[in-house]
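There are 2 protein chains.
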Amino acid sequence: MGGDFGPHVTLPASLSALERHPYLNILLFGEVDQLDSLLARQRISESIMSRLQIRPSGISVSMDEKPSAAIRHRQDSSMSLAVQAVADNKAGACISAGNTGALMAFGRLVLKMQPGIDRPAIIASVPTLAGHCYMLDLGANVDCSAEHLMQFAVMSSVMVEAVDGNLHPKVGLLNVGEELIKGNEQVRLANELIREQDGLNYIGYVEGDDVFAGKADIVVCDGFVGNVSLKSSEGLARLISKRVLQGFSRNLYRRCLAFLARPVLKEIQEQIDPSRRNGATLLGLQGIVMKSHGSADQKCFGYALDRAITEVVQNVPEKIAERLSGYLPSKRN
Amino acid sequence: MGGDFGPHVTLPASLSALERHPYLNILLFGEVDQLDSLLARQRISESIMSRLQIRPSGISVSMDEKPSAAIRHRQDSSMSLAVQAVADNKAGACISAGNTGALMAFGRLVLKMQPGIDRPAIIASVPTLAGHCYMLDLGANVDCSAEHLMQFAVMSSVMVEAVDGNLHPKVGLLNVGEELIKGNEQVRLANELIREQDGLNYIGYVEGDDVFAGKADIVVCDGFVGNVSLKSSEGLARLISKRVLQGFSRNLYRRCLAFLARPVLKEIQEQIDPSRRNGATLLGLQGIVMKSHGSADQKCFGYALDRAITEVVQNVPEKIAERLSGYLPSKRN
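Just so you know, the sequences run in chain order A and B. If you read the first sequence in the working numbering, its first letter stands for residue 1, the second for the next number, and so on. If you read the second sequence in the working numbering, its first letter stands for residue 1, the second for the next number, and so on.
No false leads were slipped in.
So, partial list: chain A residues that the calculated Cβ filter (under 7 Å) puts toward chain B:
(1) Gly-139
(2) Asn-184
(3) Glu-207
(4) Val-211
(5) Phe-212
(6) Ala-213
(7) Asn-227
(8) Ser-232
(9) Glu-234
(10) Gly-247
Below are the EDC-like pairs computed for lysine to aspartate or glutamate, each with C-alpha atoms no more than 20 Å apart in a straight line:
(11) Lys-242(A) / Glu-267(B)
(12) Lys-182(B) / Asp-64(A)
(13) Lys-242(A) / Asp-209(B)
(14) Lys-66(A) / Glu-185(B)
(15) Lys-66(A) / Asp-76(A)
(16) Lys-242(A) / Glu-270(B)
(17) Lys-182(B) / Asp-4(A)
(18) Lys-90(A) / Asp-76(A)
(19) Lys-242(B) / Asp-209(A)
(20) Lys-242(B) / Glu-270(A)
(21) Lys-242(B) / Asp-273(A)
(22) Lys-182(B) / Glu-65(A)
(23) Lys-90(A) / Glu-318(A)
(24) Lys-242(A) / Asp-273(B)
(25) Lys-182(B) / Asp-143(A)
(26) Lys-66(B) / Glu-185(A)
(27) Lys-112(A) / Asp-76(A)
(28) Lys-319(B) / Glu-161(B)
(29) Lys-112(A) / Asp-88(A)
(30) Lys-242(B) / Glu-267(A)
None of these hints come from the bench; they were simulated from the model. Glycine residues also receive a C-beta, built at the ideal position from the N, C-alpha and C atoms.
For reference, chain A alone in the conformation it holds in the complex (with noise of 0.2 Å):
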């Protein structure tokens, strides 16, 4: 029900992606006539409607409720009934494009953290020089200590070994200047802590224009920091592209240019879109959260579906947590 767009999204994707995935099965929770209702007007395959069930849900969380009140009054929301269904045993993976706060809180609450970490990060891929890499906390946490993001820097390590195969994946601290006097407190004592830690490839700090060169294939810092650079990111793609339209648009001989030169736009635009990159974990819960952008369309929400198959393929909280107990002190559980 999250996001935008809601089940208008959210459904259409789904069913897209059991097209793509044979042995897909999906659990689609929300209002059970509005769903009904957007089913009616699709024409399905019995082999993809028998792998789509519809169970219904209370109230759902607004964008701006805060996470406190949302695991108070709505625990028979789309979004906690999801993240119950993963506890449950009952879906290897939950995907909302919901309130971001109220995901994590359910997600703490009912999933619990993996011994070892204190909170979910969210982390998500970047386009880089060298292909992509990771960037984690995008949000989760507005406020780090130098424990948080070594903790973040151990299980993006495993995460990233688990998803992309890659055995010694090199993780930056991100930082305003590479020398060791740089930074604020945190990021100076996390410096000391994740260098550390043993079985980590960690290469130190990394500038912002770092992570898009491709320094680093895991980049480290907190979700206000992660968050603002992301979105900036994110914001300038838009304007590069807005201003190549309008560069190619000026007059018909340029017009007639950007006909030609259409493949060649569109290969580009396609490798630095962010929505290609859709789908953030909420790392560091004992099950599969996946959060998808509130702005996503089907497509883009798809990215999101098939990027939790993956970890659901590749079973990544498990092996998160095998490792863990190796890397970290088991403080909780």
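Following the hints, position chain B against chain A.
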């Protein structure tokens, strides 16, 4: 003497600026032997030589020197002497491509802060859909209180009024969401403090992508966030430039297309090229101090020189001082 190239960039950029601005005088502080030997290789008209003075300086501040060490041990460095020249009214502005922290420290020590302002902030312009906007702080202060953010909002508003003639610049506060519940404590408190200031055109929270969409004329944030966000965007711009180059050089047909499309591509690149906006002001000092990117080439350093000249002509610090007396309670001098 600062930056990646020292006088190899600053000297020719100075000569070129003296040509562009017939009333400009430049004092170059540095190693006289090196400067003289570089000068000897150039053919310089008498009119230009008469407006260029070389002043000897001691050991330079290194790029990784702690600001506290710099102000103790590098009082006869080119950086220190250049700032001193502004304090002594021998120069209207100081420009450096050197260690930012040390430049800020010398600025505070020698020029002193504007009354009512606790810390200098680095402000520079970024391209937007609407043209450009200003962003501060870009790295002078890695930890900012709500009070500091409020001071940034007030003084930048005055600066943009003076430099751009924009009488009611829209001020936004950078956050991870537009809802009031979002953000960390400093940002939420700063939101209230800024709202209380009379005479500010405050539009509330803006997100990372709003920066480039041109939603605000000024975007206020702490130095860690601003630095990472700006550098990330520069990194992404470089990535896109590279992808465009690669895309247009894959085969002969595409290389022909690139040749035809060259004026369009060049035009777009110039619009988004961060080096064209080189020159960041250390705002809040009782004098003009301009920081150039360390990697600036001659052309790029020239933009910083031009920006400094504009601020001198517009008499920015005095205008800020005038307006600050009405805005903020004077706490120190």
